[in-house]
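Visitor: Which chain is which? The protein sequence lines are Z and F, in order.
Take the first sequence: its position 119, counted from the start at 1, is 119 in the numbering used here, and no numbers get skipped.
Take the second sequence: its position 275, counted from the start at 1, is 275 in the numbering used here, and no numbers get skipped.
Take these hints with a grain of salt, some might be off.
Heads up, the list lumps identical chains together, so a pair's fine if it works in one copy or across two of them.
Stated by the list, open to error - Computed cross-link-like contacts, BS3-like style, restricted to lysine-lysine with a CA-CA straight-line distance of at most 30 Å:
(1) Lys85 / Lys5
(2) Lys367 / Lys230
(3) Lys86 / Lys251
(4) Lys230 / Lys401
(5) Lys85 / Lys31
(6) Lys401 / Lys31
No lab work stands behind these hints, which were simulated from the structure alone.
There are 2 protein chains.
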Amino acid sequence: MKELKVGVVGFGTVGAGVVDNLLRNRDVIAKRTGVMLTLTCVADLDTTTDRGVAVPPELLSNDAAEAIRRSDVVVELVGGTTFAKKLILDAFAAGKSVVTANKALLALHGEELFAAAERNGVDFYYEASVAGGIPVIKALREGLVANRINRIFGIMNGTCNYILTRMEREGADFAEVLADAQRLGYAEANPSLDIDGFDTAHKTAILAALAYGHWFGIEGMNIEGIRDLKLADLNYASELGYRIKLLGVIKNVDGAVQMSVRPTLIPKAALLAGISDVFNGVMIEGDFVGQTLFYGRGAGRQATASAVVADLADLALNFAAGTRRRIPAFRKGEQFDSVTPAGECVSRFYLRLQVAECPGVIAAVTKILADRQISISSLIQHENQGENVSLVILTHPAPEKEIRGAMTELSSLSVNRAPVRMFRIEEV
Amino acid sequence: MKELKVGVVGFGTVGAGVVDNLLRNRDVIAKRTGVMLTLTCVADLDTTTDRGVAVPPELLSNDAAEAIRRSDVVVELVGGTTFAKKLILDAFAAGKSVVTANKALLALHGEELFAAAERNGVDFYYEASVAGGIPVIKALREGLVANRINRIFGIMNGTCNYILTRMEREGADFAEVLADAQRLGYAEANPSLDIDGFDTAHKTAILAALAYGHWFGIEGMNIEGIRDLKLADLNYASELGYRIKLLGVIKNVDGAVQMSVRPTLIPKAALLAGISDVFNGVMIEGDFVGQTLFYGRGAGRQATASAVVADLADLALNFAAGTRRRIPAFRKGEQFDSVTPAGECVSRFYLRLQVAECPGVIAAVTKILADRQISISSLIQHENQGENVSLVILTHPAPEKEIRGAMTELSSLSVNRAPVRMFRIEEV
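Using the sequences and the accompanying hints, generate a full structural model.
Guide: Encoded structure:
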């Protein structure tokens with residue numbers, strides 16, 4: 001049986017999962033692919049901490065270069081964008097293909113890395129970079145290749161989804177649940193990458209690129225996290241039949257691309273709204289296939305390892321077939337005219353105002369909306385809220401710049417008591 | 001740009017969808033794969049009926065052999081198991097790769113066809129044979145290749161799921177909804193293949209084979225359809241927090257495989273229970289990835305075409321890379337010791353008895369269960385049902401043979417008034 005030599009660089013959580021998978025499941029992978037994946041080196045600065053897997057000591061090294069030398073394929077799991085980038089370029093230069101889970105690196109330096117892979121005639125796979133164990137890159141790039149992609153909606157950050165699920169279930173505030181998530185290891189000590197939406201943005205950029213043939217990156221993407229999300233908004237959304245999720249959104253509207261990462265209202269009845277806790281889900285809508293949904297664990301040692309080793313198995317098949325670059329890291333092929341600025345995007349909106357309860361308030365508020373041709377589909381003001389009351393409005397589709405204009409005017413009303421809250425609504 | 005010549009045999013619903021896709025989306029597929037898929041022949045006995053797609057007349061033929069001669073790849077969409085089989089073998093013999101959506105043919109003659117493809121050194125792909133547009137074969141065979149598969153639960157027949165959804169939503173009887181589904185074109189005039197579970201069984205057999213490396217076929221599979229399903233059982237299930245779905249079930253328990261197609265209770269809270277109408281969903285649970293779910297349209301002209309053309313794109317990539325049989329039609333590699341007979345399978349059960357309302361009935365019923373060590377987890381008997389009452393019991397896990405034994409005894413109770421209804425319960 002043919003054998004593919006695998007070097008792993010980065011023996012942290014995911015690295016240990018990959019090593020565990022290769023040691024425990026290489027027999028069944030060999031039955032399925034006809035190739036034996038053989039672990040030849042595990043490199044990390046720290047090779048002494050117990051990772052819960054029994055690596056033969058002769059495979060351990062403190063030198064990443066050793067992993068490159070001893071292998072046919074290098075798995076980059078060190079994270080970050082500096083050493084990881086150098087490691088990958090070194091591996092390419094040595095003629096070795098690379099598998100990575102590093103979405104931040106791809107979003108930032110994707111094009112440079114893809115060019116280097118091409119120059120060196122090697123493969124570069126990154127299934128684990130989006131939605132962890134869910135094979136969504138393979139689905140988009142291969143399984144749904146026959147479709148023009150209309151829309152992609154992704155719940156792609158387990159930390160945020162866990163926090164939102166608990167806030168909704170327990171009626172708890174953001175800060176309280178975040179602190180608990182940190183205690184349980186579901187959120188980092190510095191949670192910004194997750195809760196401010198950047199991690200979701202990296203993944204959104206990768207999916208958008210594969211859908212539309214242009215490497216967008218996250219420059220200029222409209223990104224908003226969940227840090228300022230109030231329990232009151234989750235509750236009002238729920239009352240109105242919606243759930244708020246941190247959604248990566250990609251749309252093709254009139255030949256232009258819209259991309260954003262924002263807390264978004266989606267109907268509770270939608271399958272996507274049922275994705276809770278740390279799970280991820282990606283809805284992909286194609287012109288022929290219609291709506292599809294891919295669901296599973298978006299992070300964690302074992303689920304991420306599943307995706308990394310799937311890439312290794314793909315490389316093993318290439319290796320056995322004597323082919324490289326059957327599917328290049330990224331193939332350019334633009335399908336769009338332009339990226340639509342956030343202000344030009346049309347959607348439905350949720351607005352929540354806090355206003356003094358006195359005559360003429362609703363008249364003043366609704367006149368501001370009416371003057372901008374913003375049509376109201378639903379309005380709630382509950383009784384007995386005290387002196388300042390929440391006024392919640394759902395709109396029909398309107399351009400975001402009109403909504404933002406209205407928000408400025410609403411904020412300057414003398415009866416206004418707090419910043420106006422605004423979220424997009426997406427029909428799934 | 002390289003060009004792959006495609007011949008389509010069978011210009012019915014799906015055939016027209018494939019032709020439509022190739023004519024409308026070949027530009028975007030070429031951008032993504034670097035290969036142009038060129039339609040070179042569409043063969044059918046009937047080439048005059050308007051299929052809603054503008055095929056250049058010189059591509060039409062009444063001769064399937066013409067499609068083989070003019071193409072690099074043949075798409076078999078004639079259905080059935082006689083002419084379709086001959087056509088595929090003829091294509092293989094001519095050195096042409098084949099794409100099919102024909103699950104019945106695969107379930108019946110898979111191994112013979114796989115051997116012929118191997119002998120002729122050609123590719124044979126069949127993504128569209130399971131769950132229509134959902135790329136679930138690619139997910140199982142490639143995306144989740146690093147996993148030992150614990151369980152697969154599939155809602156894979158749109159006709160049945162449509163009928164069950166309407167029965168539950170409208171409180172309608174099976175026969176009534178079936179008649180309506182036939183009128184709307186969602187069910188065949190002869191609906192047996194769908195409603196008696198055979199179509200789901202064909203798909204279950206294919207997924208089981210890919211999961212466990214043995215071509216099982218449907219011989220000896222435990223198959224039960226929805227023809228005898230009563231509205232009362234959907235209602236009781238709902239009251240208890242469950243929904244009844246026609247589920248293809250594949251499990252690996254203690255090194256043996258369990259396979260069945262049966263109406264099954266699943267918890268309403270499970271994502272799988274939210275799959276309604278004609279949609280399909282497949283839950284795949286692997287040892288590393290955990291639970292994943294793949295959702296979309298399982299049938300129809302456009303969704304099925306999406307899967308067929310995805311296979312063509314895969315073949316195009318092989319063609320451009322100068323490789324064949326990178327992923328063979330089927331690779332043997334058994335992982336199991338045996339297939340567990342239905343009677344030995346352990347699960348929870350739903351039982352509904354219709355009994356006379358008189359003293360001692362529940363005592364007699366529960367004694368029969370107790371004597372067989374069948375433990376009751378829930379029991380319902382509503383008031384005011386009249387002379388004969390429904391008694392609904394959910395059990396803790398028990399071997400099916402004990403349940404069937406108990407059913408025989410229950411049926412012979414003097415107070416029994418109707419056949420005992422029994423369904424499995426699966427926790428998702």
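Visitor: Are the hints correct? Go through all of them and say.
Guide: Tested hints:
When the C-alpha separation of Lys85 and Lys5 is checked against a cutoff of 30 Å, the pair qualifies only within one copy, where the shortest distance is 21 Å, while the shortest distance between copies is 41 Å. For the homomeric pair Lys367 and Lys230, the shortest alpha-carbon distance inside one copy (26 Å) is at most 30 Å, but the shortest distance between copies (55 Å) is not. Within a single copy, Lys86 and Lys251 get their C-alpha atoms no closer than 34 Å, and across copies no closer than 44 Å, so neither meets the 30 Å cut-off. Taking CA atoms no more than 30 Å apart as the test, Lys230 paired with Lys401 passes inside one copy only; the shortest distance there is 23 Å, against 54 Å between copies.
Taking the shortest alpha-carbon separations for Lys85 and Lys31, only the inter-copy value of 28 Å comes in at or below 30 Å, while the best intra-copy value is 34 Å. Proximity of Lys401 to Lys31 under the C-alpha cut-off of 30 Å is found in neither arrangement, the shortest distances being 57 Å within a copy and 34 Å between copies.
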